[in-house]
Amino acid sequence: MWSMIRMSALLGLKCTTHEADKKRRCVILPLLVLAFAIPMRSALLVGQAPTAILLTGKVVGLDGKPAAGAEVKLREQATDDVTVTTDASGSFELKSPPQTRYVLSADTVDHRHGELAVAELAVAEPREGLRIVVKTGAGAQAAMDFADKPNFTVAGITDWTAVGGHGSDATLRTSEEIARQTAALKNSAPERGPGSKREEGAKEVALREAVTAQPESYAANRALGDFYLQATRYAEASGFLETASRLHGGSAPDEYNAALACRGEGDFARARQHVMRALEKEDRAAYHALAGDLDERLGDPLAAAREDERATALEPSEANYFAWGSELLVHRAIWQAVEVFSRGAQLHPESQRLKMGQGAALFGGARYDEAAERLCEASDLDPANRETYVFLGKVGLASPSPAACVGKKLKRFVSMRPEDADANYYEAMILIKGREPGEQGRAADLLRKAVALNPQFAEGYLQLGILALARRDNAGAQAEFERAIKADASLAEAHYRLGVLYDRAGNSERARVEFARHEELVKDKAEAVERERREVKQFLVTSGDTHTK
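Quick note: the sequence shown uses UniProt numbering, first residue 1, plus one each step.
Hint data in this document are derived by calculation from the structure and do not stem from the laboratory.
Hints are supplied without guarantee of correctness; some may be wrong.
Stated by the list, open to error - Simulated DEER-style distance windows between Cβ atoms:
| id | residue 1 | residue 2 | range |
| --- | --- | --- | --- |
| 1 | 346 | 385 | 37 to 45 Å |
| 2 | 542 | 522 | 44 to 52 Å |
| 3 | 87 | 441 | 55 to 63 Å |
| 4 | 448 | 412 | 15 to 23 Å |
| 5 | 89 | 157 | 49 to 57 Å |
| 6 | 383 | 522 | 32 to 40 Å |
To be verified - Pairs of lysine to any residue, SDA-like flavour, derived with a Cα cap of 20 Å:
| id | residue 1 | residue 2 |
| --- | --- | --- |
| 7 | 449 | 405 |
| 8 | 73 | 87 |
| 9 | 537 | 176 |
Each residue gets a CB set at the ideal place from its N, CA and C atoms; glycine is no exception.
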């Protein structure tokens with residue numbers, strides 16, 4: 001709900017004439033910060049059914065200063081609305097019967113500019129710490145400009161050897177992997193597909209008949225193209241949408257829809273031609289966002305970053321902030337990605353993926369504890385999301401000393417997904433890293449469960465072998481290392497450790513084979529990583545900040 005409110009809030013100025021006083025008032029969203037906690041305190045004695053819920057909170061401006069005299073209204077479902085005025089500290093208190101949905105609004109008049117500022121928040125149940133970020137008056141545009149104007153410029157492309165961020169090569173590889181996984185979250189929203197086959201089939205027949213009857217009809221071609229676009233049948237959609245655009249003079253919305261279809265079809269160059277035509281006619285955030293996505297797919301990340309920045313300036317939505325931050329992160333503009341993700345998370349505190357991006361970027365800058373804390377916060381926003389825990393596990397393992405919250409969240413991961421091999425593995429590894437004597441047995445149990453759930457889990461066997469070595473059980477360790485190699489013959493460390501055991505046992509020939517295989521795999525891996533890094537162009541950034549690449 002917050003995301004929907006905020007996204008609409010950022011669209012601009014809306015003016016209406018009020019019948020009561022015939023004065024023209026303009027509503028700007030975002031406008032205020034409405035922050036409140038809803039303690040579940042009954043107005044009756046203990047033991048009686050609750051008949052009133054107390055809602056308390058505070059209305060403040062974007063600068064954190066209280067908005068005294070603001071009108072706060074609670075929309076009642078069964079009775080008249082309840083309205084109160086904030087005190088000098090911006091605080092308010094309201095009572096409401098228990099209901100399925102609580103809708104609060106706050107408004108105040110910006111006397112300097114004659115504008116009515118309004119903010120609204122709806123919640124399904126009492127919760128603490130809810131807030132929306134909004135702002136008022138002529139300061140709104142200035143604040144918006146400040147919020148969306150970056151403190152850096154992506155000026156060009158540089159060689160990958162000047163990799164941004166800090167840390168060892170192992171943490172760098174983890175950082176690069178997490179960056180790629182973060183970027184993949186851009187496309188995590190499910191696409192809308194068709195309804196029932198019978199209904200959709202009948203609709204398709206009718207739409208095709210309309211095009212057959214009037215092949216030069218804009219409406220008929222647009223309707224059929226839209227049908228296929230919504231059904232994600234892009235190859236069928238593109239032709240009809242392109243025809244519709246031609247018949248309608250190439251309007252911006254028609255060109256944009258044709259671009260969407262062509263992108264879905266995999267023809268990125270053709271899609272870009274359409275979206276650039278749309279931008280020639282209308283400067284819209286959605287068009288810039290699509291252009292940025294296509295530029296990245298076509299191998300022009302510099303243009304992509306600029307399109308993402310422009311999209312965010314026009315519409316500072318959660319999606320645009322995430323796309324921009326992800327583009328910077330993938331191309332190793334680490335500190336600039338931190339800046340963008342942090343700003344986006346501040347404006348959209350309900351966004352889990354912005355917090356995940358913030359954590360991934362901080363990890364890339366070797367700010368390990370801060371990275372873990374942001375990821376822990378992200379996991380609390382949606383505890384059921386598996387991806388957040390996977391990020392946490394990787395960050396925890398690659399960090400010199402995992403933050404305290406990591407173990408707690410990974411324990412929750414196991415409790416929520418006991419049959420998930422990764423969940424068991426990551427908690428086990430954090431326990432091992434903690435070196436608590438009483439936890440090593442539990443770690444071994446978790447690893448055994450992980451490989452039982454996934455018999456191809458080579459890393460699990462490897463760690464079981466290492467634990468066996470710590471117990472001086474060489475035979476057990478050898479068996480685990482052999483299982484690891486059987487599950488994944490490219491696991492270099494397993495070959496090395498097996499070679500060490502063979503060497504200790506006096507089997508020099510088998511040791512030589514394993515050591516040679518280890519060296520070969522390490523070399524192959526290094527070459528593969530180098531190729532991947534050369535394919536990912538790194539941004540050259542000019543900045544007023546000290547963290548510049």
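Comparing the hints with the structure gives:
1. 346 - 385: 37 to 45 Å: violated, 21 Å
2. 542 - 522: 44 to 52 Å: violated, 37 Å
3. 87 - 441: 55 to 63 Å: Because 58 Å falls inside the window, the suggested range holds.
4. 448 - 412: 15 to 23 Å: Cβ of residue 448 to Cβ of residue 412: about 21 Å, so the range 15 to 23 Å holds.
5. 89 - 157: 49 to 57 Å: Holds - the Cβ-Cβ distance for residue 89 and residue 157, about 52 Å, lies within 49 to 57 Å.
6. 383 - 522: 32 to 40 Å: holds, 38 Å
7. 449 - 405: violated, 23 Å
8. 73 - 87: holds, 14 Å
9. 537 - 176: holds, 13 Å
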